[in-house]
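The sequence shown begins at 39 in this note's numbering and counts up by one.
Watch out, some of these pointers could steer you wrong.
Stated by the list, open to error - Listed below are the simulated BS3-like cross-link pairs for lysine-lysine, each with C-alpha atoms no more than 27 Å apart in a straight line:
hint, residue 1, residue 2
1, K299, K351
2, K304, K223
3, K156, K304
4, K351, K427
5, K255, K223
6, K365, K304
7, K351, K365
8, K255, K157
9, K401, K365
10, K232, K215
11, K474, K401
12, K304, K255
13, K255, K299
Claimed, not checked - Here are the simulated distance ranges between beta carbons:
hint, residue 1, residue 2, range
14, D224, M441, 27 to 35 Å
15, K156, H289, 44 to 52 Å
16, D224, Q87, 35 to 43 Å
17, L463, R265, 16 to 24 Å
18, Q168, T444, 54 to 62 Å
19, G271, K157, 49 to 57 Å
20, A313, G376, 54 to 62 Å
Note that these hints are calculated values from the structure, not bench results. All C-beta atoms in this analysis are idealised placements derived from N, C-alpha and C, irrespective of residue type, glycine included.
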Amino acid sequence: MCESRNKKDGRQKIFLVGIGMGTAEGLTGQANEAVRRCQCLIGAKRMLQTVREMLGEDLPCREPGTDLDSENSGGRNSKVFFEAHLAEDIFSYIQAHREWRCIGVVFSGDTGFYSGAKKLEQLLSEASGQYDMEVIPGICSVSYLAARLQTTWEDASTVSLHGREENFIQTVSRSRKTFLLLGGKDAGSRMLRKLREYGLDDVTVSVGSRLSCSNEKIISGRPAELREEDVEGLCTALIENPRPENQVEPHIRDDAFIRGKVPMTKEEVRAVSLARLDLTGDAVVYDVGAGTGSVSVEAARCSDRIRVYAVEKNPQALELLEQNRRKFYADGIRIIEGQAPEALSDLEPPTHVFIGGSGGRLKEILKAVTGKNPEVRIVINAISMETIKEVMDAAQEGLLPDMEITQLCVSRARELGGYHMMTGLNPVYIISAGGKEQETDSDQDRGGI
39 MCESRNKKDG RQKIFLVGIG MGTAEGLTGQ ANEAVRRCQC LIGAKRMLQT VREMLGEDLP
99 CREPGTDLDS ENSGGRNSKV FFEAHLAEDI FSYIQAHREW RCIGVVFSGD TGFYSGAKKL
159 EQLLSEASGQ YDMEVIPGIC SVSYLAARLQ TTWEDASTVS LHGREENFIQ TVSRSRKTFL
219 LLGGKDAGSR MLRKLREYGL DDVTVSVGSR LSCSNEKIIS GRPAELREED VEGLCTALIE
279 NPRPENQVEP HIRDDAFIRG KVPMTKEEVR AVSLARLDLT GDAVVYDVGA GTGSVSVEAA
339 RCSDRIRVYA VEKNPQALEL LEQNRRKFYA DGIRIIEGQA PEALSDLEPP THVFIGGSGG
399 RLKEILKAVT GKNPEVRIVI NAISMETIKE VMDAAQEGLL PDMEITQLCV SRARELGGYH
459 MMTGLNPVYI ISAGGKEQET DSDQDRGGI
């Protein structure tokens, strides 16, 4: 028994229990046993209701900050129920009530799958030696819905939109199966709106709500066939794409972009410029003077977690930006209308900045971005000598630390009569500077030395 063992070493036994979909029948045997052994159970209202139904106990839940009373704290078979869902509130309660030798904290679904158990586990682990912690998994909504739809989920991508803003269109476009966890404000309607906006009309969306309950509901259809009320509240959705994109490289040929008459960074220059950016998987990128969005699109396609702010003032370019974002399913791009540096003021700090056009205000832009993040990685494309002078002046002022300059001269063959002649494009200077040096695996092995 956990109670007798913990009396010897003075540590409280803490169970972090995943209780599945929200019904007593959905608890695993291991979760059932742990819940019954605990003197005190903590969790959100819906989770506590599940375990109360399982236990058959009619005891009041305690709000955070409420004192315990003797009526509910005695007796071998009685339990205290404390209603809380924030990890900090739960941890504070556990710390304040050492009298409970065996405590269970209950979470919906599985403790290792987008669960609040992660934060609480960290807090308990940091209080070294005070707690004997055991994590008990549960059945998550994804595995349950997959079983009900008679499909697998090891070959699927998973994105949580529960209370968070996440890019998912790019994931859906590249995956045959994508599970979305819905919940919070407008998550379901946002899913439908984006699928329609990006023209993903031929995907099949299966939505499960109130899973495992007596009024469980699972519906399937095309995005145009589903209603917003079908995806309200806590739901799990499976999106099946019959024709997922299978391109591995992020680089795109020039003629694939919708171009109009707006200048565009050529594909060879984009390839070198993006290589110089040294993007990370969770980068926040400013594309200043984004034009058609060719750099924005390729940067966003490098990772589903990258956020790109495409800053542009030209109305025609803004329209092309929107068209190319939709064409390449690059929902990681946020289009910002305006001129830098003013248009950058309300944006989150960047980790990487690409400047394709500065409008003669290069130093102002550099001061703005380095003011937000002194370690930002910067790449500039320059064609004119005037821009090169701006670059050299900025370097002298310390705005481009550890600057490197590469000149790129590209020639393409064109057919002339029976011959192929090389035609040169404008030479481009690619300036790279700043950035935090990335730690390699060998650095980690050496302790970062």
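Checked hints:
1. K299 / K351: Holds. K299 to K351 sits at ~15 Å (cutoff 27 Å).
2. K304 / K223: violated (41 Å)
3. K156 / K304: violated (45 Å)
4. K351 / K427: Between K351 and K427 the Cα gap is close to 24 Å, so the pair holds against 27 Å.
5. K255 / K223: This hinted pair holds, its Cα atoms lying about 20 Å apart.
6. K365 / K304: holds (18 Å)
7. K351 / K365: holds (21 Å)
8. K255 / K157: violated (31 Å)
9. K401 / K365: violated (34 Å)
10. K232 / K215: Measuring from Cα to Cα gives roughly 17 Å; hence the hint holds.
11. K474 / K401: Answer holds: K474 to K401 is near 21 Å, not above 27 Å.
12. K304 / K255: violated (50 Å)
13. K255 / K299: violated (51 Å)
14. D224 / M441: 27 to 35 Å: violated (45 Å)
15. K156 / H289: 44 to 52 Å: violated (36 Å)
16. D224 / Q87: 35 to 43 Å: Violated: the Cβ-Cβ distance is about 26 Å, outside 35 to 43 Å.
17. L463 / R265: 16 to 24 Å: Roughly 51 Å apart at Cβ, these two residues miss the hinted range, so it is violated.
18. Q168 / T444: 54 to 62 Å: holds (56 Å)
19. G271 / K157: 49 to 57 Å: 23 Å Cβ-Cβ, so the 49 to 57 Å window is violated.
20. A313 / G376: 54 to 62 Å: For G376 against A313, whose Cβ atoms are near 28 Å apart, the range 54 to 62 Å is violated.
Hint compliance for this structure: hints 2, 3, 8, 9, 12, 13, 14, 15, 16, 17, 19 and 20 are not met, and every other hint is.
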